[in-house]
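Enquirer: With chain H held as given, fit chain B onto it using these hints.
Protein chains in written order, with the numbering used here: chain H, 1 to 186; chain B, 1001 to 1558.
You may find that some hints are simply not true.
Below, computed lysine to any residue pairings styled on SDA-like, alpha-carbon distance capped at 25 angstroms [unchecked claim]:
| hint | chain 1 | residue 1 | chain 2 | residue 2 |
| --- | --- | --- | --- | --- |
| 1 | H | Lys9 | B | Tyr1040 |
| 2 | B | Lys1209 | B | Gln1537 |
| 3 | H | Lys72 | B | Ser1309 |
| 4 | H | Lys100 | H | Val39 |
| 5 | B | Lys1052 | H | Ala7 |
| 6 | B | Lys1157 | H | Met19 |
| 7 | B | Lys1447 | H | Phe119 |
| 8 | B | Lys1052 | H | Ala17 |
| 9 | H | Lys8 | B | Glu1347 |
| 10 | B | Lys1266 | H | Ile114 |
| 11 | H | Lys6 | B | Lys1003 |
| 12 | H | Lys9 | B | Cys1006 |
| 13 | B | Lys1332 | B | Glu1319 |
| 14 | B | Lys1465 | B | Arg1234 |
| 15 | B | Lys1376 | B | Glu1347 |
| 16 | H | Lys5 | B | His1010 |
| 17 | H | Lys52 | B | His1010 |
| 18 | B | Lys1052 | H | Asn15 |
| 19 | H | Lys90 | B | Gly1397 |
| 20 | H | Lys48 | B | Gly1120 |
| 21 | B | Lys1052 | H | Ser25 |
| 22 | H | Lys6 | B | Asp1056 |
| 23 | H | Lys9 | B | Pro1013 |
| 24 | B | Lys1057 | H | Leu21 |
| 25 | H | Lys9 | B | Pro1014 |
| 26 | H | Lys8 | B | Lys1202 |
| 27 | B | Lys1066 | B | Thr1027 |
| 28 | B | Lys1465 | H | Val39 |
| 29 | H | Lys90 | B | Thr1407 |
| 30 | B | Lys1465 | H | Leu47 |
| 31 | H | Lys48 | B | Ile1055 |
| 32 | B | Lys1186 | B | Lys1202 |
| 33 | B | Lys1376 | H | Asp118 |
| 34 | B | Lys1266 | H | Arg16 |
| 35 | H | Lys6 | B | Ile1055 |
| 36 | H | Lys52 | B | Pro1256 |
| 37 | H | Lys48 | B | Lys1102 |
Hints are computed from structural coordinates only; laboratory data are not their basis.
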Amino acid sequence: MAEDKKAKKTNRKRNRAFMRLAILSMLVLAIGYTIYNSVTADDVEVLKVGDKAPDFALEDMEGNRHKLSDYKGEGVFLNFWGTWCEPCVKEMPAMDRQYKEYEEQGVHILAVNIAQSDFEVQSFADRFDLSFPIAIDRSKSVMTAYNIRPLPTTVLVNPEGDIQRIVTGEMSEQDIKGFMEEIKPQ
Amino acid sequence: MGKMQCKCGHVNPPGTILCESCGRSLTEEEQNKKLADMRYEGTARRSQTYNKSIIDKIWNFFSSVKVGVSIIVILLIAAAIGTILPQAQYVNVPVRNDATIKAYYADVYGEIGKIYHFLGFHDLYSSAWFILLVGMLAISLIVASLDRFVPLYRSLKNQRVLRHPSFMNKQRIYAEGPAPEDSMQKAEEKLKDLKYKVTLDKNGLLAEKGRFSRWGPYVNHIGLIIFLFGVMLRMMPGFYVDETLWIREGETRAIPDAPGYFLENKNFTMETYTGEGEDAKFEEAIDRVGTVAKNYQTDIVLYQTPEESLPGATDELEEVEEHAIRVNQPLKFDGYAVYQMDFRQNELRAMTFDLTNKETEESLGSLTIDLVSPEKSYDLGNDTRVDLLGYYPDFSGFENGEPQTETPIPNNPGFLVRMFTPETPDGEVSFIVIQNTIEPLGENQYKLTFQNAETRDVSGLTIRKDSTLPILGLGGLIFMIGVAQGMYFNHRRFWIQKQEDGGLVLAGHTNKNWYGLKKDLDQVSEFASLPPYIDQQEEIEKQEKLEKEQKLEGDELS
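Just chain H, with the same shape it has in the complex (with noise of 0.2 angstroms):
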């Protein structure tokens, strides 16, 4: 009887230590999760490393239709632009030689001009005589799907479809070389 009562008591400790142990975790586990929301939302708030890339569909220059998921197997070298942005400016022409290097080993170039009239982007294109394909963007709204704060950002999209990396500020031609080897198909 007595020993009766007393696993009954352990028992019951047992389980309130349980139970105890449970809300703590749970509480701290929401906690932890609203931290890591608020902290990680300073940064791209939809587009992260490793996502898969939000499909968009833009004509370019040209007339000729771009479509994100046309190019899968395919590596992707997406940047958004503008005429007023020094650093887009300067880093064009080194894009635009090393686009001719990786067209052939499957890395193509989009430049996305931010909702600038035709004339300034074309004027622009024949005046560093850009090779790679531009579109704008004109409703801003591949801009809005990929959440670009600041210009220059570039996305490299890997054969895969997903994110490879983000870049925002001016690279290098060093850079760019670095990133097309890794999103070139194998």
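Expert: Same frame as chain H, but now just chain B:
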């Protein structure tokens, strides 16, 4: 601490003050008190009793009301400090990113600003330590409530009718003395009349009313926790949207954080009161401050792309509705609300120039450059045309001979043109900015003379979505129910026992509103001829006052 067995035989959990069964005082301290400590019915707070494993220790820490109050105080102090310097969202920096905001605090507020930023006060509600503190408050609320609610519930559920005399005479309301034979029955009758729940046991009676008032604080805490949960959800992506969209007249833009939705700005209007006619009542105010705004309005069209449509493909937009967004009259769709928040007027939209001979001032015709989509060439007829070589919307100077633009907004448009006329078939190059013409390749015969400009307005809209509002509302409602439950209802109890000598012993208790309890008791006493009761607390206070006075008198005498 071990289990505590009362003289009546009941075994109480360790830490109990008043026996759960008969109400005898169990600790020496309690025995020496004149009045019983009825908080939580004298039960043991669960956590006071165990202090063994780490989990128990953590649990005990959060169970303490002192800890809970300390967390609240720290949160209040932090929130107060957070108001000393502006929060990051109100800081004005040309380019918004972490580095510029950090630099802003250091530049404007010096060392203090640096520390402020370092500690996360610049974005207080998102700083990890603040969230951690709020989370700890939530833990404290839950743990402290559970620890008190469970024993209190158990104790009230199992309470006995018959209590030990030492429990009875330590209640604040107490009476003893002879009473007529039928007073027990009469008291029972009257108490039932007053909506008390009456239980009888042998020679005793327990009358109880409004027990649910005791759960008020716990209901209140549940409301708070739901509220905090709602606040937590706000930080999750998708639950809370607060975005700004600047949209020019004639533009169509993707709505940030509302995938698949687009807005077109048809027209922005700002109206002011004229001070005449119907608006005459504003005359005085207009004289005083210049203008009084009557209306800010953006006429928009809302579009949606078909489900399978991709970003960038804007040719498939489907119109959803037309709407006039005004202050406090937002556009609402799919859980989103779009508010009129700001505006900029008179941004350049198009500029008209005359091609004129500099000497004779004779015009060969005019051309209008649409700044939204400039053309490559403007033909004026008669072998006269103007080719646009370059357009710089926000001209900021030359770099290596190349004109630069600071932003894509036409604040200071610059045009590089080549003008062809029958007289100058090879063309003359000219660079035009507002009120200035540069002729980089030598003296020209012709120039572009500015005639007029078209402007458009830019509307500043705010996009909001808050899926957590129903949760916050529910939390608030439950909170208020808890408050009302605990504040406006009282848990009143009377214990009456018939003594062997035929006399009665009576005790009364309530969690608040002793006046109401006494009023009830007055009615019962009169009806059932109960012995007169005393308010022992008042007696004690009276006694203390008397002693004090006597002491004062004594001091004066000596």
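Enquirer: Could you run down the list of hints and mark each one as holding or not?
Expert: Checked hints:
1. In summary, the hint linking Lys9(H) to Tyr1040(B) is supported, as the alpha carbons are separated by about 24 angstroms, within the 25 angstroms threshold.
2. At roughly 22 angstroms between alpha-carbon atoms, Lys1209(B) and Gln1537(B) fall within 25 angstroms of each other, so this suggested pair holds.
3. Under the criterion of a C-alpha separation no larger than 25 angstroms, the hint pairing Lys72(H) with Ser1309(B) is consistent with the structure, at around 18 angstroms.
4. For the given pair, Lys100(H) sits about 40 angstroms from Val39(H) by alpha-carbon distance, which is inconsistent with the 25 angstroms threshold.
5. Between the alpha carbons of Lys1052(B) and Ala7(H) the distance comes to roughly 18 angstroms, so the proposed pair stays at or under 25 angstroms and holds.
6. Between the alpha carbons of Lys1157(B) and Met19(H) the distance comes to roughly 22 angstroms, so the proposed pair stays at or under 25 angstroms and holds.
7. Restraint check for Lys1447(B) and Phe119(H): satisfied, since their Cα atoms lie roughly 22 angstroms apart, inside the 25 angstroms limit.
8. With a CA separation close to 10 angstroms, the supplied pair Lys1052(B) and Ala17(H) stays within the 25 angstroms bound.
9. Our distance criterion of 25 angstroms between C-alpha atoms is broken by Lys8(H) and Glu1347(B), whose separation comes to about 80 angstroms.
10. As the CA atoms of Lys1266(B) and Ile114(H) are separated by approximately 21 angstroms, the hinted pair is consistent with the 25 angstroms bound.
11. The straight-line distance between the Cα atoms of Lys6(H) and Lys1003(B) is roughly 13 angstroms, inside the 25 angstroms bound, and the hint therefore holds.
12. Pair hint Lys9(H) plus Cys1006(B) holds up; C-alpha atoms about 20 angstroms apart against a cutoff of 25 angstroms.
13. Restraint check: the Cα-Cα separation between Lys1332(B) and Glu1319(B) comes to about 15 angstroms, which is no more than 25 angstroms; the hinted pair holds.
14. Taking the CA atoms of Lys1465(B) and Arg1234(B), the gap is near 10 angstroms; set against the 25 angstroms cutoff, the hint holds.
15. Only pairs whose Cα atoms come within 25 angstroms are accepted, and Lys1376(B) paired with Glu1347(B) is accepted, the gap being roughly 22 angstroms.
16. Restraint check for Lys5(H) and His1010(B): the C-alpha separation of about 16 angstroms stays at or below 25 angstroms, so the hint holds.
17. Restraint check for Lys52(H) and His1010(B): the C-alpha separation of about 66 angstroms exceeds 25 angstroms, so the hint is violated.
18. Of the supplied pair hints, the one linking Lys1052(B) and Asn15(H) holds, its CA atoms being roughly 15 angstroms apart against a limit of 25 angstroms.
19. With a C-alpha separation of about 17 angstroms, the suggested pairing of Lys90(H) with Gly1397(B) holds against the 25 angstroms cut-off.
20. Between the alpha carbons of Lys48(H) and Gly1120(B) the distance comes to roughly 24 angstroms, so the proposed pair stays at or under 25 angstroms and holds.
21. With a CA separation close to 18 angstroms, the supplied pair Lys1052(B) and Ser25(H) stays within the 25 angstroms bound.
22. A distance of roughly 20 angstroms separates the Cα atoms of Lys6(H) and Asp1056(B); the hinted pair therefore holds under the 25 angstroms criterion.
23. Between Lys9(H) and Pro1013(B), the direct Cα distance comes to roughly 12 angstroms. Compliance with the 25 angstroms bound is thereby established for this hinted pair.
24. Only pairs whose Cα atoms come within 25 angstroms are accepted, and Lys1057(B) paired with Leu21(H) is accepted, the gap being roughly 11 angstroms.
25. A hinted pair counts as satisfied when its Cα atoms are at most 25 angstroms apart, and Lys9(H) with Pro1014(B) qualifies at roughly 14 angstroms.
26. A threshold of 25 angstroms between alpha carbons decides the hint, and for Lys8(H) with Lys1202(B) the separation of about 33 angstroms lies outside it, so the pair is violated.
27. Only pairs whose Cα atoms come within 25 angstroms are accepted, and Lys1066(B) paired with Thr1027(B) is accepted, the gap being roughly 23 angstroms.
28. Of the supplied pair hints, the one linking Lys1465(B) and Val39(H) holds, its CA atoms being roughly 21 angstroms apart against a limit of 25 angstroms.
29. For the hint pairing Lys90(H) with Thr1407(B), the CA-to-CA distance comes to about 16 angstroms; that is within 25 angstroms, so the pair holds.
30. Taken as a hint, the Lys1465(B) and Leu47(H) pair is honoured in the structure, with Cα atoms around 20 angstroms apart against an allowance of 25 angstroms.
31. Between Lys48(H) and Ile1055(B), the direct Cα distance comes to roughly 36 angstroms. Violation of the 25 angstroms bound is thereby established for this hinted pair.
32. A C-alpha spacing of about 16 angstroms is found between Lys1186(B) and Lys1202(B), which places the hinted pair at or below 25 angstroms, so the restraint holds.
33. Between the alpha carbons of Lys1376(B) and Asp118(H) the distance comes to roughly 10 angstroms, so the proposed pair stays at or under 25 angstroms and holds.
34. Of the pairs offered as hints, the one joining Lys1266(B) and Arg16(H) is violated, with about 65 angstroms between alpha carbons and a cut-off of 25 angstroms exceeded.
35. Note on Lys6(H) and Ile1055(B): the hinted pairing holds, with a Cα-Cα distance of about 22 angstroms set against a maximum of 25 angstroms.
36. Note on Lys52(H) and Pro1256(B): the hinted pairing holds, with a Cα-Cα distance of about 19 angstroms set against a maximum of 25 angstroms.
37. For the proposed pair Lys48(H) and Lys1102(B), the alpha carbon gap of about 24 angstroms is at most 25 angstroms, so the pair holds.
When held up to the earlier numbered hints, the structure conflicts with 4, 9, 17, 26, 31, 34 and fits the remainder.
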